[in-house]
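As they're listed, the protein sequences go chains A and B.
Mapping of the first sequence onto my numbering: residues 1 to 214, in sequence order.
Mapping of the second sequence onto my numbering: residues 1001 to 1375, in sequence order.
No lab work stands behind these hints, which were simulated from the structure alone.
Don't take every hint at face value.
With the Cβ distance kept under 10 Å, some of the chain B side facing chain A (calculated, not the full set) [as the list claims (entries may be wrong)]:
no.: 1; residue: Ile1105
no.: 2; residue: Ala1110
no.: 3; residue: Ile1119
no.: 4; residue: Leu1127
no.: 5; residue: Ile1180
no.: 6; residue: Tyr1188
no.: 7; residue: Thr1217
no.: 8; residue: Leu1223
no.: 9; residue: Ala1228
no.: 10; residue: Thr1240
no.: 11; residue: Arg1308
no.: 12; residue: Glu1314
no.: 13; residue: Ile1315
no.: 14; residue: Arg1319
no.: 15; residue: Arg1354
no.: 16; residue: Arg1368
Cut-off 25 Å, straight-line C-alpha distance, at most; resulting in silico cross-link-like pairs (PhoX-like, lysine-lysine) [what the hints assert, rightly or not]:
no.: 17; chain 1: A; residue 1: Lys43; chain 2: A; residue 2: Lys33
no.: 18; chain 1: B; residue 1: Lys1174; chain 2: A; residue 2: Lys113
no.: 19; chain 1: B; residue 1: Lys1174; chain 2: A; residue 2: Lys112
no.: 20; chain 1: A; residue 1: Lys7; chain 2: A; residue 2: Lys173
no.: 21; chain 1: A; residue 1: Lys96; chain 2: A; residue 2: Lys43
no.: 22; chain 1: B; residue 1: Lys1347; chain 2: B; residue 2: Lys1330
Predicted model, so just to flag it, every value in this text is computed and none were measured.
Cβ atoms here follow ideal geometry from the backbone N, Cα and C, with glycine treated the same way.
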Amino acid sequence: MPVDEIKPTRAGLLIVRRRMALAERIHRLLAMKLDGMMLELVKLTDRAALQRRELEEQYTRAREMVAVAAMMEGATGVLLAALSVETTPIYTARQKNVFGVRLPELEPVMVKKTLEQRGYGILGTTSVIDDAADAYEDLLETIIASAELEGGVRRLLDDIERTRRRVNALEFKVIPELTQLRRFIEDQRDEIERQDLVRLRRIKRIKAKRAEKP
Amino acid sequence: MPLPGMTSPSFIYACTRFRVRRTALLPREEYLRLMRMSIPEIIAHLGRCLEYAREIANLTPDFSGAQLIEEAVNHSLARSFRSSMAIAPGDLQILTREYLTRWDIANVMAILRGTVHNIPGQQVRDLLIPAGEIDSALLDHLLSLTTCGETIEALQDWRLYPVLAESYRVCGEKGVFAQIENELYRHYYAGLLDPGRTRCSGCQELNAYLRFEIDITNMRNLLRLHCAEEACNLAVIDQTMIPGGRIPIRHFRRLYGIETEEEFVSAFLETDIVPVLAQAVRDLRRDPGFSSIDAAELVWQRWHQRQRPIHEVEIAVTRIRLHRLESLSKRHPFSILPVLAYLERKKYEVANLRAIARGKAFGLPTERVWQYIVL
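Isolated chain A, as found in the complex (with noise of 0.2 Å):
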């Protein structure tokens, strides 16, 4: 029943208790959840950024390992290398529930490979081509467990803005304008008592003085 519907009965202030009730009861699971999201979110975040660190060096790694390789093998060496990979490396997506928000969970699969199955022949390459194939590999892995680490801190937020804003609308909107159409209800009622026993009071003396007169 809409707000603007409810009579200031009985009926209705119960009706307004029992949504009062829900409303702050709702209210403060909201808010522990607020919380519990807000701590996760650091804690998160802090791993995320560390990760990020991580992922920058590694890049940093990589970019040096390559260009070793390149002056040792040359860019044609290099490709040739990279013409061998046999198998693709993916990664397989799966999600966990934190506080009721779906976060990423991101598995690498075959990007840490062995020199076998990375496909090229030992004795057509040299050790460079290893220690590139070996960076960007580790590289592959921190981008993917970057990509977990901030694709959850980035769920994570929309669903703290979220709940944020049912917390505010609860505290600012739904219980003060159901305090207020109590407290409408409760004077209403009041009021409607008073008059009554103004009436009855009212009756009373006039049927008193009917009794006086002979």
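Since chain A is already given, all that's left is putting chain B on it; use the hints.
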């Protein structure tokens, strides 16, 4: 026909031509000058060099920067090696062709991989360096074929065709190309170390040099195998070690299983790689006190930590190897050795120019780039 024990005039002429060609290669001062130049200055400088001017002029419309330098030096290498095969007479030519087969292996493997993985022909063509027996026309023909089987069939006249023919059925399966490539290189070395070829001039010295090269390659690859996270089985070692070196393969298998320092150092000291390695580190670190035992301990540290060989040390070992080849070619001026000395020096000249260009393109400091230069 020359009398037995006498060297034919064409042989002397060819060897002299190779010696002259060697003197035309870039001297140390030229590298020092190039190191101080920017990439456009290097391109302009190479454009004035007799050896690279034609390639720079031809490739300028298609490439730029470090890529232009790399393509130009690769084209120059291919032209130079093909003309070397053409001017070498008789046995010298056969050996030169056989020595340059390693370029064919790289080209054939690139084409096979490109065919199986459906990589555009032009993309694969850009990676080929036709410096071996297989000329550009045949490479283009191979690139136009659509299946692995057709490519292998078209290589029937190639000296390593029997190795490829064995893998005809499994062509394209996962992991097979690496095995084929390893097998091709093993047969390549086996062909070079042909025991029936000991009577030619310089062949015994060539064999000794090749066996030394095989030992270094095997040791380097053993370190690569050991540094992998999973331990490989001994069959893999047998498949990746090149037979014919002075160090028998069973010694490498023994080394692979060792986990204690004393045992490893004593087993490693038995190999003839140690003095060369010690010399390389002495040269690199300018430390005259670096002994063979220090070298063995250095290898143990890398081995124990499952790390790969240090690239700078590898380069230093290559310098010593080339120096040995140079000395041998001077001691045997009318043999296969001056030809090989020229081919190797040319190969490393190209590698040096490429290293300078790539190092500058990646913005590496000059001192760092200089460590990768083989002089």
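Each hint tested on the structure:
1. Ile1105: Holds, because the Cβ-Cβ distance from B:Ile1105 to chain A comes to roughly 7 Å (cut-off 10 Å).
2. Ala1110: 5 Å, holds
3. Ile1119: 7 Å, holds
4. Leu1127: 5 Å, holds
5. Ile1180: Holds, because the Cβ-Cβ distance from B:Ile1180 to chain A comes to roughly 8 Å (cut-off 10 Å).
6. Tyr1188: 9 Å, holds
7. Thr1217: It holds, given that the least Cβ distance between B:Thr1217 and chain A is near 7 Å, below 10 Å.
8. Leu1223: Holds. Min distance 7 Å.
9. Ala1228: 5 Å, holds
10. Thr1240: Check passed: Cβ of B:Thr1240 comes within 5 Å of chain A, closer than 10 Å.
11. Arg1308: 4 Å, holds
12. Glu1314: The hint holds - B:Glu1314 has a Cβ within 10 Å of chain A, the shortest such distance being about 7 Å.
13. Ile1315: OK, holds: B:Ile1315 within 10 Å of chain A, min 8 Å.
14. Arg1319: Violated, because the Cβ-Cβ distance from B:Arg1319 to chain A comes to roughly 14 Å (cut-off 10 Å).
15. Arg1354: 5 Å, holds
16. Arg1368: 9 Å, holds
17. A:Lys43 <-> A:Lys33: 15 Å, holds
18. B:Lys1174 <-> A:Lys113: This hinted pair holds, its Cα atoms lying about 13 Å apart.
19. B:Lys1174 <-> A:Lys112: 17 Å, holds
20. A:Lys7 <-> A:Lys173: 20 Å, holds
21. A:Lys96 <-> A:Lys43: Measuring from Cα to Cα gives roughly 16 Å; hence the hint holds.
22. B:Lys1347 <-> B:Lys1330: 19 Å, holds
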